[in-house]
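There are 2 protein chains.
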Amino acid sequence: MSLLNETHDPALKSWVEQANQPGSDFPIQNLPFGRYRRIGANDDFKIGVAIGDQILDLQGTGLIESPDMNALMALDTAARLRLRRDISGGLAQGSAQQQVWSKLLTPQSAAEMAVPCRIGDYTDFYTGIHHATSVGKLFRPDQPLMPNYKWVPIGYHGRSSSIRVSGQTFRRPRGQTKASDAAQPSIGPSRRLDYELELGYFVGRGNELGQPVSIEDAENHLFGVTLLNDWSARDIQAWEYQPLGPFLSKNFASTVSPWLVTTEALAPFRTALTRPEGDPQPLPYLDGDFNRKAGMFDIMLEVLILTERMAKAGLPPERLTLGNAGTAAYWTAAQLLTHHTVNGCNLQSGDLLGSGTLSGPAANEAGSLLELTEGGKKSISLANGEERTFLEDGDAMILRGWCERPGAARIGLGEVRGTVLA
Amino acid sequence: MSLLNETHDPALKSWVEQANQPGSDFPIQNLPFGRYRRIGANDDFKIGVAIGDQILDLQGTGLIESPDMNALMALDTAARLRLRRDISGGLAQGSAQQQVWSKLLTPQSAAEMAVPCRIGDYTDFYTGIHHATSVGKLFRPDQPLMPNYKWVPIGYHGRSSSIRVSGQTFRRPRGQTKASDAAQPSIGPSRRLDYELELGYFVGRGNELGQPVSIEDAENHLFGVTLLNDWSARDIQAWEYQPLGPFLSKNFASTVSPWLVTTEALAPFRTALTRPEGDPQPLPYLDGDFNRKAGMFDIMLEVLILTERMAKAGLPPERLTLGNAGTAAYWTAAQLLTHHTVNGCNLQSGDLLGSGTLSGPAANEAGSLLELTEGGKKSISLANGEERTFLEDGDAMILRGWCERPGAARIGLGEVRGTVLA
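Chains as they are written, first to last, in full-length UniProt numbering: chain A, 1 to 422; chain B, 1 to 422.
It should be emphasised that the hints constitute simulated quantities derived from the structure, not laboratory data.
In this text, a Cβ means the ideal position worked out from N, Cα and C, and glycines have one as well.
Take these hints with a grain of salt, some might be off.
[To be verified] Here are the simulated BS3-like pairs of lysine-lysine, each with C-alpha atoms no more than 30 Å apart in a straight line:
#1 A:LYS137 <-> B:LYS13
#2 A:LYS13 <-> A:LYS103
#3 A:LYS103 <-> A:LYS178
#4 A:LYS178 <-> B:LYS150
#5 B:LYS103 <-> B:LYS13
#6 A:LYS150 <-> A:LYS312
#7 B:LYS312 <-> B:LYS150
#8 B:LYS137 <-> A:LYS150
#9 B:LYS312 <-> A:LYS178
#10 B:LYS137 <-> B:LYS103
#11 B:LYS150 <-> A:LYS137
#12 B:LYS150 <-> B:LYS293
#13 B:LYS178 <-> B:LYS377
#14 A:LYS312 <-> A:LYS137
#15 A:LYS137 <-> A:LYS46
#16 B:LYS378 <-> A:LYS150
#17 B:LYS178 <-> A:LYS293
#18 B:LYS312 <-> B:LYS378
#19 B:LYS150 <-> B:LYS137
#20 A:LYS150 <-> A:LYS13
#21 A:LYS178 <-> A:LYS13
#22 B:LYS137 <-> B:LYS312
#23 B:LYS46 <-> B:LYS13
#24 A:LYS137 <-> B:LYS178
#25 A:LYS178 <-> B:LYS293
#26 A:LYS377 <-> A:LYS178
#27 B:LYS377 <-> B:LYS312
[To be verified] In silico negatives: residues of chain A with every beta carbon more than 12 Å from chain B:
#28 ALA71
#29 ASP76
#30 LEU83
#31 ARG84
#32 ASP121
#33 ASP124
#34 ALA132
#35 GLY136
#36 ARG140
#37 GLY158
#38 ARG174
#39 GLU240
#40 GLN348
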């Protein structure tokens, strides 16, 4: 694909040796951006680039002038490509910068990460068609998908203020719920707390209010991708969501992974957008040649759980599901961005667009407990004998993502972890 | 009521003469905050206090140190009261500050206003029970109100980035719509563009993530009130809103008035929260003594239209409706704030909570065209012979608000104006 250049060459190696290990999330072909500081230091957060198990201080290299990630994200496409080439060149084996840049490294194990940028507005979409179908079935067995689903990239506004970075812990939310056989609602801790496996698409360059972004231009406004856990309280959601949508069932916490993996890094893993036979084609404003051929990302997605009991016993996290974003999503990131602006709505650098829960077509690819337990009707068994229908106090959820295929370097998204407190 | 002090004394006069005129929105008992600069100047916006037809440069008085409105809004209750007393004292007739402060005035007619603060997150509620009932009837004649309405202050997240101050003009939004008899949707300009009459409640002091705000403490976190026009494209809304709520039908534009009228200024106009006989009492977390006795604001609300034809003919704006917030809303601002945080969600200084459309119980108190025209079925006639079902290009909508009662000074909210472009 013409998007590829020398920074994607799988033979390229870094002088940061750990980046060359097979299985590393952050080889020299990746180069994701994050905000970090030394653990315990009260410094301001700096922009760093993950390379192997290290972080490169990007401002220290002189390649950027400010520690403002949103400003970096607002760069135009040409400037972004230049920056990527310069970072890649400096980190490559044999680079003249090695001596200076090696003093700019911090081990990831010694770093505290922040939410990668200032998120002005957060919009959550609903692109996981298998998720929408499974969840719809629980409520409307005869018509799981709404008539608009295959025409409109369904989305709603989320809450920015409660988005935190991987490592977030939060108290089980309280809220109003109403049992179907109860005369009136009551207030108490959620009994049906769930996770949602999502990708977070981050906006790079924004658009002015009143100026839609065409599908052809949309990729120029996308910066990169993180993992996103859209924690959900299903019992609060069921009682509150009519008629204006989810609210307190979602906004108590949302967790993102710390590394913005750029669309440049993901270029070798673009795939075609295909729609099942018989489905309507997108309306013209959502239909572009590049989008059809290469709008999707072939990203593997994994969900793991580490219960408090497992952690105390020294057991490793246990995989709940493994799936692929490319087969789970019905709409591309570019389509979400174009749809979001078709009415003139302005996106700003750093805005977050959630993909919605990315459940695959198979039952064991489901991206939430709501689906895995069929609405809480059957529990799942863990290897240590524990059972779960919904999350219990002390449960940590871990989402991981990566891209792999023969002939390309592995690109990892890292992980996002969050823990439910009592 | 014990909330009142000498700054509310109706006999108090200012040395800014226009503030003493009957009918002024901004007498010395009001003292709302806004952000302004001289028209044509490229200066940063400053914090000003409206007094009569003038604006006082607050930083110039030495009473605040920074031009950051959000920092001012985050002051605790005691500091806010002190600031109000100091401003009132300085602007009162006979004040020792008159000579110095008179040099700090800018005529409102010479000022450009900004959105009054940095709005991190915007939440729109649905407290207008007559609006919810009328709109519900259009969709569900047998069950206009959802079963949760009288228990849950229904709300959803809105879009911060497209909020602008009074004077906003915006292009008629495009979007997907589907006629009920059409086989598939199409894309084009909205044909059912509407306004919504709302109050904007602004958060003062925020709360930490995970730390709910009790109903007793909620008033300490409320800063003040503006007018809010939540422009809505009904045809886009009808096709997109299932199952996750309104999205592109709302986020193309929202307009606020420039002056933050503080809860201190509104203290003489607090009224009791009364619920119709037979309605359930709020759950305990939403029920407090002060809230019951004085949680509502007795604010008059007026909607006017100025069509392009009227403007060209030199006609004044024509009133569409006149109502009262206190009889339109089912939930108080404090209840919205407490409900919003009951799950641990964090509010931040400057966050905006929309009241939802405040339609009164009578048909001529409706706060939207959707209600006035019964869903577009019957048009309304203007005095110049024009007819409207929904808004046409060139229409300007003007919302005004004020408080008046014998024995208290008039407190005005000013106005919010916005115009639809082709």
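Separation of ASP76 (chain A) from chain B, once the least beta-carbon distance is taken, above 12 Å: Given that every Cβ of chain B is farther than 12 Å from that of ASP76 (chain A), nearest at about 20 Å, it holds.
Hey, LYS46 (chain B) versus LYS13 (chain B), does the alpha-carbon distance stay inside 30 Å? This hinted pair holds, its Cα atoms lying about 25 Å apart.
Does LYS293 (chain A) sit within 30 Å of LYS178 (chain B), going by the straight-line distance between their CA atoms? Holds - the C-alpha atoms of LYS293 (chain A) and LYS178 (chain B) are around 28 Å apart, at most 30 Å.
Distance restraint between LYS178 (chain A) and LYS13 (chain A), which requires alpha-carbon spacing of 30 Å or less: 58 Å, violated
Within 30 Å, alpha carbon to alpha carbon, are LYS137 (chain A) and LYS46 (chain A)? Cα-Cα ~46 Å, so violated.
Would you check whether the claim that GLN348 (chain A) is not at the interface survives, using Cβ distances to chain B and the 12 Å cut-off? Given that some Cβ of chain B is not farther than 12 Å from that of GLN348 (chain A), nearest at about 5 Å, it is violated.
Taking C-beta pairs only, is GLY158 (chain A) more than 12 Å away from all of chain B? Check fails; 6 Å does not lie beyond 12 Å.
Should the label of GLU240 (chain A) as a non-interface residue stand, given a Cβ cut-off of 12 Å to chain B? Label violated. Min Cβ-Cβ 5 Å, cutoff 12 Å.
Satisfaction of hint between LYS312 (chain A) and LYS150 (chain A), Cα-Cα up to 30 Å: Cα-Cα ~46 Å, so violated.
Is the Cβ of ARG84 (chain A) more than 12 Å away from each Cβ in chain B? ARG84 (chain A) is indeed farther than 12 Å from all Cβ atoms of chain B, at 28 Å.
Is it correct that the beta-carbon of ALA132 (chain A) has no partner in chain B closer than or equal to 12 Å? 9 Å, violated
Taking only the CA atoms, is the gap from LYS312 (chain B) to LYS150 (chain B) under or equal to 30 Å? 46 Å, violated
Taken one by one, the earlier hints fail for this structure at numbers 1, 3, 6, 7, 9, 10, 14, 15, 16, 20, 21, 22, 32, 33, 34, 35, 36, 37, 38, 39 and 40, listed in ascending order.
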